[in-house]
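S.K.: Here's the letter readout for the chains.
Number of protein chains: 2
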Amino acid sequence: MKRTCIKDIKPEEIVKVQGFVENCRNKRTMCFIVLRDITGKIQVTVDKENNPTLSEICDKITLESVVTVVGKAVSNEYVKLNGIEILPDEIKIESVAEAMPIKEDSTIDLRMDYRWIDLRTERNTLIFKVQTLMANTLRNFLIQRGFLEIHSPKLINTASESGSDVFEVKYFDDKAYLAQSPQFYKQMAMASGFERIFEVGPVFRAEKSNTSKHATEFTGFDLEMSYIESYKDLMQIEAEMLTEMLKAVSEKYGEDVKRLFGVDVVVPTLPFPVMKLCDVYAELESRYGYICPKGEEGDLTTEAEHLCENLAKDKFNHEFLFITDYDAKKRAFYHMRDEQGVPLGYDLIWKGVEITTGAQREHRYEILKKQAVEKGLDKDVQNYLKFFEYGCPPHGGFGLGLDRLTMRVLNIGIKEVMFLFRGPNRLTP
Amino acid sequence: MKRTCIKDIKPEEIVKVQGFVENCRNKRTMCFIVLRDITGKIQVTVDKENNPTLSEICDKITLESVVTVVGKAVSNEYVKLNGIEILPDEIKIESVAEAMPIKEDSTIDLRMDYRWIDLRTERNTLIFKVQTLMANTLRNFLIQRGFLEIHSPKLINTASESGSDVFEVKYFDDKAYLAQSPQFYKQMAMASGFERIFEVGPVFRAEKSNTSKHATEFTGFDLEMSYIESYKDLMQIEAEMLTEMLKAVSEKYGEDVKRLFGVDVVVPTLPFPVMKLCDVYAELESRYGYICPKGEEGDLTTEAEHLCENLAKDKFNHEFLFITDYDAKKRAFYHMRDEQGVPLGYDLIWKGVEITTGAQREHRYEILKKQAVEKGLDKDVQNYLKFFEYGCPPHGGFGLGLDRLTMRVLNIGIKEVMFLFRGPNRLTP
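Chains F and B supply the protein sequences, listed in that same order.
Okay, so the first sequence: first residue is 0 according to numbering that gives the first Met the number 0, each after it adds one.
Okay, so the second sequence: first residue is 0 according to numbering that gives the first Met the number 0, each after it adds one.
The set of hints was computed from the structure by calculation and includes no laboratory data.
Treat the hints with caution; some may be incorrect.
Identical chains blur together in the list; that is why a pair holds if it fits in one copy or across any two.
[What the hints assert, rightly or not] As a list, the in silico DSSO-like pairs of lysine-lysine whose alpha-carbon atoms are at most 30 Å apart:
| # | residue 1 | residue 2 |
| --- | --- | --- |
| 1 | Lys207 | Lys169 |
| 2 | Lys212 | Lys169 |
| 3 | Lys385 | Lys47 |
| 4 | Lys207 | Lys414 |
| 5 | Lys174 | Lys350 |
| 6 | Lys91 | Lys212 |
| 7 | Lys369 | Lys59 |
| 8 | Lys385 | Lys212 |
| 9 | Lys9 | Lys312 |
| 10 | Lys169 | Lys378 |
| 11 | Lys1 | Lys231 |
| 12 | Lys79 | Lys275 |
| 13 | Lys246 | Lys128 |
| 14 | Lys47 | Lys1 |
| 15 | Lys6 | Lys231 |
| 16 | Lys9 | Lys207 |
| 17 | Lys169 | Lys374 |
| 18 | Lys378 | Lys174 |
| 19 | Lys293 | Lys251 |
| 20 | Lys15 | Lys414 |
| 21 | Lys385 | Lys59 |
| 22 | Lys207 | Lys40 |
| 23 | Lys385 | Lys91 |
| 24 | Lys169 | Lys414 |
| 25 | Lys368 | Lys102 |
| 26 | Lys40 | Lys385 |
| 27 | Lys59 | Lys102 |
| 28 | Lys207 | Lys174 |
| 29 | Lys312 | Lys369 |
Quantities reported herein were computed from a predicted structural model and do not represent experimental measurements.
Chain F with its partners taken away, still in its complex shape:
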């Protein structure tokens, strides 16, 4: 017999339902079970007096056990859950649950220890329904626009980019490192003539920080495109894809997100507002009295980042804010610079948190090499520099963290948003 999902149950049908026992009031003559599957909850009402076999089974059922129930769905106005209950002919215990080791109000770290139980709530399941939709909407948006998907290696022979905060791997008789980002390889794809690519995959950061936004492993969403005219092309496509993503989330899960997370999923208007960094600081001072500490004007301070939530809202009635014209000293060596030395890139701030760094890349071998030398990285990036010696299109790109993006959509912390969080002190389950 085919299983019926709980949300599809109609009165007067004989159905087979399967799920976890969310509640079980086992009285002498009656047993009321609340069964939960991923689509909803339903009451199963057992008349124990007239069903000795079922009665015996009911006595063995523990909370969170998994059971299969076959029976008739009937309307009953006294039943709270949709006014329907199931009168079972058969109950089978598929898996008996031990006493629950966590409760809703357990500490986050204890909940992490038993993450597979912690994830069973409607709220926590919704995180992954939303994230699935987010990633798929972004991917389909790009694939419709001719982007190819790549899977670049995570095992690399030199510490990428900065060289610090990288995990070392024993690689047979040699050493390898875990990629901190697909940056160099997505640029390699440009030198391969792939023109437009994206990648969704894990990135690894050996940072010993215990904040609400850092993890040692998370899911990156990166793209790169050739023949852009400037980084403004990147800002445009990023704004469009995020808007499409939020539209999809709002339509499918907007009400659930509001009910379970108390957050409004706002579909942004296009184009997103853009400001130069110096103008941001000027307005933060005039509007909110914030003065950037001396010497830090070339980058956005953490406090300024937070204040940008207000600035974007007050000045543009928007949740997003693109910021441009950072100081070259604060940006990666591979960002292209204009004739005045200003990096041709941007950060995107959403609700007071930076979610992207994007830039046109320097594709001209000699200039790129010079910029690497300036930052003392020329030896580390020798292999990378080769990508630009045999012809490479002008290009640019940006990266998003899928987990960070989900954090912003739902307004929750990093430990909650990840299927399994990884931090300096957390490698289990």
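Mind docking chain B on chain F? Use the hints.
M.R.: Relative to chain F, chain B alone:
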């Protein structure tokens, strides 16, 4: 001015085209450039005598340099490439290429050293167009059927499954390992009540084998689903999703694959044929005289695997063959077994190569533990066993290798099919 893709160029239009210089015949009075982008090739014809500025630029152009050309597209019946040429007003060299370090007939290992150049051919780019379509078709197929996407951690605290062939990572003051498969975590998602999930991500194998199908890192495509009635549900969904995938590839790239790889993309018929392992051996003997070596009848030998290509074709006129009823000794401890001890799972053979192992999983804690003890793994899988102590639905799943799947579609080897191959002696570029 907006860029026009080469395939979209129409005569009498003023266009801006950008791409690599595939060929350059630079004569005294004329220069003929063949420009290539991801959509096609076009001839750029420069009248050097009447354009001294352009003439100077032409003299600097090397093969595989990247250029931007603005000019008028005109029909010319003497031009081989679609009968169109561009008469340029402007040419800009975006990136000068050094002399090419590889040729089409270079060894595969030299080509790997310069993979970004190797990937520039129409043939090699097609690999990733096809793979992009494959992965996206599979994902969308599953998402339409209510599957959630997860991103499970690749950093784990114990060597997964067999314990051998696993990479060790220095994790701050501790050790971690790289996940060999998301197996345990996709089952964890079942214990979380996610019901149907899939994951696309890297898997790592520290195997020191240099064959045409092994890599130390590749892209896994894994799924798991709850409340199946038997592994036959898995075979059905797998057959359906592969059929949908091949239909998409055939429609969009069938002709290109035939032209560039000489392979027919065959859309299979449903259902796929199924045989028991003992029947496979009986037919391999009667049809092709193959006799399985004594003691190896519980598993499919490599030679038998290859012969299954003929068997599937001769007996069923099909490219695929499901094989069931393997010996429990040859299967993972977490496969469910029937009352006779026969594992409730299958392998899928495509064109003589195993592409999947699928099975209903043992979700009953006590039996699962017993099976782990039998294989001497109970200590290694302690954390995993916990997933089954607090209620877990009956479930099953299977895994595919995205690279191996692409190998079969295009009939090429592992080094060719991967964006960047990783093997015991290969960590670069």
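S.K.: So, for every hint listed, does it hold in this structure?
M.R.: Hint-by-hint comparison with the structure:
no.	hint	result
1	Lys207 with Lys169	both (21 Å within a copy, 13 Å between copies)
2	Lys212 with Lys169	both (28 Å within a copy, 23 Å between copies)
3	Lys385 with Lys47	neither (76 Å within a copy, 33 Å between copies)
4	Lys207 with Lys414	within (15 Å within a copy, 36 Å between copies)
5	Lys174 with Lys350	neither (41 Å within a copy, 37 Å between copies)
6	Lys91 with Lys212	neither (43 Å within a copy, 45 Å between copies)
7	Lys369 with Lys59	between (73 Å within a copy, 22 Å between copies)
8	Lys385 with Lys212	between (35 Å within a copy, 28 Å between copies)
9	Lys9 with Lys312	neither (46 Å within a copy, 46 Å between copies)
10	Lys169 with Lys378	both (22 Å within a copy, 24 Å between copies)
11	Lys1 with Lys231	between (53 Å within a copy, 14 Å between copies)
12	Lys79 with Lys275	neither (56 Å within a copy, 50 Å between copies)
13	Lys246 with Lys128	both (15 Å within a copy, 28 Å between copies)
14	Lys47 with Lys1	within (26 Å within a copy, 75 Å between copies)
15	Lys6 with Lys231	between (46 Å within a copy, 25 Å between copies)
16	Lys9 with Lys207	neither (53 Å within a copy, 57 Å between copies)
17	Lys169 with Lys374	both (29 Å within a copy, 27 Å between copies)
18	Lys378 with Lys174	both (18 Å within a copy, 29 Å between copies)
19	Lys293 with Lys251	neither (47 Å within a copy, 58 Å between copies)
20	Lys15 with Lys414	neither (36 Å within a copy, 49 Å between copies)
21	Lys385 with Lys59	between (67 Å within a copy, 20 Å between copies)
22	Lys207 with Lys40	neither (42 Å within a copy, 50 Å between copies)
23	Lys385 with Lys91	between (64 Å within a copy, 22 Å between copies)
24	Lys169 with Lys414	both (28 Å within a copy, 22 Å between copies)
25	Lys368 with Lys102	between (56 Å within a copy, 26 Å between copies)
26	Lys40 with Lys385	between (59 Å within a copy, 25 Å between copies)
27	Lys59 with Lys102	within (22 Å within a copy, 72 Å between copies)
28	Lys207 with Lys174	both (21 Å within a copy, 15 Å between copies)
29	Lys312 with Lys369	neither (40 Å within a copy, 60 Å between copies)
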